[in-house]
Amino acid sequence: MNPNLINFIYLVAGVLFILGIKGLTKPKTAVRGNMLSALGMLLAVAVTLLTINEVDYRYIVAGVVVGSLVGSIMALRIQMTSMPQMVALLNGFGGGASLTIALAEYFSTLGAAPTSMADILVPVVADSSAFGVGTEGTFALIAIGLTVMIGALTLTGSFIAFAKLQELMKKSYGLPGGPVGNAILVLGALTAVVYLVLNPGNMGAMLAIVGLALLLGLFLVMPIGGADMPVVIALLNSYSGIAAALAGFILGNTVLIIAGSLVGTSGLILTQIMCVAMNRSLANVLFGKMAASGETIDADEVYAGKVKSAQPDEVALMLEIAQRVVIVPGYGMAMAQAQHAVRELADAMEAKGVEVEYGIHPVAGRMPGHMNVLLAEAEVPYDKLVEMDRINPTFEDTDVVIIIGANDVTNPMARESEGSPIYGMPILNVDKAKNVIVIKRSLSPGFAGLPNPLFAMDHTLMVYGDGKKAVVEMTTALNQA
Amino acid sequence: MEILILLLALFVLSLFLGVELITKVPPTLHTPLMSGTNAVSGITLVGALLAAGGDGSPMLVNVLGFIAVTLATINVVGGYLVTNRMLAMFKRK
Numbered sequence: 001m002n003p004n005l006i007n008f009i010y011l012v013a014g015v016l017f018i019l020g021i022k023g024l025t026k027p028k029t030a031v032r033g034n035m036l037s038a039l040g041m042l043l044a045v046a047v048t049l050l051t052i053n054e055v056d057y058r059y060i061v062a063g064v065v066v067g068s069l070v071g072s073i074m075a076l077r078i079q080m081t082s083m084p085q086m087v088a089l090l091n092g093f094g095g096g097a098s099l100t101i102a103l104a105e106y107f108s109t110l111g112a113a114p115t116s117m118a119d120i121l122v123p124v125v126a127d128s129s130a131f132g133v134g135t136e137g138t139f140a141l142i143a144i145g146l147t148v149m150i151g152a153l154t155l156t157g158s159f160i161a162f163a164k165l166q167e168l169m170k171k172s173y174g175l176p177g178g179p180v181g182n183a184i185l186v187l188g189a190l191t192a193v194v195y196l197v198l199n200p201g202n203m204g205a206m207l208a209i210v211g212l213a214l215l216l217g218l219f220l221v222m223p224i225g226g227a228d229m230p231v232v233i234a235l236l237n238s239y240s241g242i243a244a245a246l247a248g249f250i251l252g253n254t255v256l257i258i259a260g261s262l263v264g265t266s267g268l269i270l271t272q273i274m275c276v277a278m279n280r281s282l283a284n285v286l287f288g289k290m291a292a293s294g295e296t297i298d299a300d301e302v303y304a305g306k307v308k309s310a311q312p313d314e315v316a317l318m319l320e321i322a323q324r325v326v327i328v329p330g331y332g333m334a335m336a337q338a339q340h341a342v343r344e345l346a347d348a349m350e351a352k353g354v355e356v357e358y359g360i361h362p363v364a365g366r367m368p369g370h371m372n373v374l375l376a377e378a379e380v381p382y383d384k385l386v387e388m389d390r391i392n393p394t395f396e397d398t399d400v401v402i403i404i405g406a407n408d409v410t411n412p413m414a415r416e417s418e419g420s421p422i423y424g425m426p427i428l429n430v431d432k433a434k435n436v437i438v439i440k441r442s443l444s445p446g447f448a449g450l451p452n453p454l455f456a457m458d459h460t461l462m463v464y465g466d467g468k469k470a471v472v473e474m475t476t477a478l479n480q481a
Numbered sequence: 001m002e003i004l005i006l007l008l009a010l011f012v013l014s015l016f017l018g019v020e021l022i023t024k025v026p027p028t029l030h031t032p033l034m035s036g037t038n039a040v041s042g043i044t045l046v047g048a049l050l051a052a053g054g055d056g057s058p059m060l061v062n063v064l065g066f067i068a069v070t071l072a073t074i075n076v077v078g079g080y081l082v083t084n085r086m087l088a089m090f091k092r093k
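Top to bottom, those sequences are chains A and B.
Per the working numbering, numbering through the first sequence is continuous, rising by one, with the last residue being 481.
Per the working numbering, numbering through the second sequence is continuous, rising by one, with the last residue being 93.
It is worth saying that the hints were derived from the structure and are not from the lab.
The structure presented is a predicted model; accordingly, all values stated were derived computationally and were not measured.
Note that CB positions come from ideal geometry on N, CA and C, so glycine has one too.
Only true hints are included.
Ranges between beta-carbon positions, derived for each pair:
1. B:T23 to A:E136: 30 to 40 angstroms
2. B:L13 to A:A46: 23 to 33 angstroms
3. B:A9 to A:L50: 19 to 29 angstroms
4. B:A88 to A:V194: 46 to 56 angstroms
5. A:L76 to B:L13: 30 to 40 angstroms
With a straight-line Cα cutoff of 25 angstroms, these simulated SDA-like cross-link-like pairs (lysine to any residue) come out:
6. A:K170 to A:F219
7. A:K28 to B:A88
8. B:K91 to A:M388
The following block holds chain A by itself, in its conformation from the complex:
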């Protein structure tokens, strides 16, 4: 095929990816956008298959068949609550693909591959001209080295993120020295990249990059707690995009560069959004723990004798006469599998003429936008899901706020108490509403380990117990009223 035609089709594929993401800017056009993007992918793959000749197709066919099977099974069977794990795994596979492409490109350009330990120790005689003349050869080797490094650390980092989200790994492990240990690994891997560029035939250097980067992925993610995983997933998402773009430089392929940079920026922007929502810097999420509070706040002192509780049927009476109710869901709601029950309660209220909306904090789920997906699955219309900045001004005109499975994102200390570790974190200003109902098992603290003064406020009522059961009882009482 004419190379100009091939590149033109790659350009069309790139445009389809861009239109695909543009489609995602509105829920109505999103499905079509995803289809356009998939069409672009099909075009790019088809034209590539037509270009390659003198190729052993057995490896390609086997890979496509296995990959399609595994991919479809994963996509069709995954539970919506487990979506973060799915994305973590996909990220890992993307990193792994970039890693293996760069390795294959390296060994095939070199025209040699290690068959025994001895081969690794004895460098193949090769000058960088095998990878391109002059600067081009150097650049190609840098791109290969960096792709291997980012691909490998995305691979292991993502699998650790998966294990943490799946709660297979509950403890946190780190290198001695924390960030210093990781910095040494980064420097080691970069040194190996430089060494490889100077001695292209040195397979030992290549293996060192692989080994160090795999370790780096492990130790970067292992010390990070489960609650910070949304940030890590978004960041790894960005890495898998950057790795794809770098692979594009190795192969001189335009569509890889376009697609890779779109994914890279998407991951970075989502990382930024998550960090702002948690009021922490990226460095703090990756390397630090929550700052210890200046003064320890005694939970008993905050709560003593001030917390009032109510039964679900009493709450139903309040809901019946309310004009506007806002439901604030947290991940605890998903854990209790209460999404459908919550939607039924909202339906019952709307049947009585109550205006119902949902207030969604950016870190309400386990990944950006996760809560919206969980509620959409329970058939809550997406226009009822209101983001923090738009719902906050409406709390003063809200009669009842129902908080289910959320804690820290409603803690007024983030607004008022300057010494508090969560001070400055953007929160849902639920305490401005006329009445606040908190459905919770006990007064136990959230992830930040802080008592929540909201629970002790005059206009707050606690409903203790299982979230789903409490909501179902409220619905029943409301329907009978």
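Knowing the structure of chain A, use the given hints to seat chain B on it.
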């Protein structure tokens, strides 16, 4: 070298375009955005096809190529399917 500069220009412009596009995606769709861009990053499949199974390549290269094709295909197929599954839930009223 000229090609390299052109590729670099494409890369930088795509980054700016990415920022413009992604910031317009509403928070409601951030999870499908992540799984969807994940599928897009499966574009490495193109690279994998180019790297896989050259005739007469060392066995190791063929094996690496096979792994690359498999992993990238999982990304593409899994990513688009699961995104479609989620978006379909947002569509219905």
